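With these hints in hand, go ahead and build the complete structure from the sequences.
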Amino acid sequence: MAEATHPSRTPREAERHPGSSQDELRQAMSCLRSARRALQRDDHRRTDEVLDLLKAAAHHLEQAWERAASQD
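Counting from 1 along the sequence shown, just add 1157 to a position and that's the residue number in my numbering.
Note that these hints are calculated values from the structure, not bench results. These figures come from a predicted structure and were not determined experimentally. Backbone N, C-alpha and C define an ideal beta-carbon position, used for all residues, glycine too. Hints may contain errors.
Using C-beta positions, here's what the derived DEER-type ranges look like [stated by the list, open to error]: (1) S1227 - R1183: 14 to 22 Å; (2) S1227 - H1201: 34 to 42 Å; (3) Q1228 - L1196: 28 to 36 Å; (4) W1222 - Q1197: 22 to 30 Å; (5) Q1179 - L1211: 19 to 27 Å; (6) R1193 - A1226: 25 to 33 Å; (7) R1193 - E1223: 23 to 31 Å; (8) Q1228 - M1186: 16 to 24 Å; (9) S1227 - R1194: 31 to 39 Å; (10) S1177 - K1212: 15 to 23 Å.
Written out as structure tokens, the structure reads:
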């Protein structure tokens, strides 16, 4: 994953250090912002980084959904 250039936790780290739904949403937004910046640089070598960031964002959104659903 692009963790060296991005503050988001990997899915494994997120499982070891669970946070709140809001924490997961913040992490997802951070991933999406970083992906947008990578795309704006228009550097085609960044494709893998963008895909990793989008995967991380999807994971954080899934975690937030699961945590919110389990609180109902």
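These are the hints, each one checked on the structure:
Hint check: S1227 to R1183, Cβ distance near 19 Å, so the stated range 14 to 22 Å holds. For S1227 and H1201, the hinted distance range of 34 to 42 Å is satisfied, since their beta carbons lie about 41 Å from each other. The supplied range of 28 to 36 Å is met by Q1228 and L1196, whose beta-carbon atoms lie about 34 Å from each other. For W1222 and Q1197, the Cβ-Cβ distance of about 28 Å falls inside the hinted range of 22 to 30 Å, so the restraint holds.
For Q1179 and L1211, the Cβ-Cβ distance of about 21 Å falls inside the hinted range of 19 to 27 Å, so the restraint holds. Between R1193 and A1226 the Cβ separation comes to about 28 Å, which falls inside the hinted range of 25 to 33 Å. For R1193 and E1223, the hinted distance range of 23 to 31 Å is satisfied, since their beta carbons lie about 25 Å from each other. A hinted range of 16 to 24 Å holds for the C-beta pair Q1228 and M1186, which are about 20 Å apart.
In this structure, S1227 and R1194 meet the distance hint of 31 to 39 Å, their C-beta atoms being roughly 33 Å apart. Remark: the range hint 15 to 23 Å for S1177 to K1212 is upheld by a beta-carbon distance near 21 Å.
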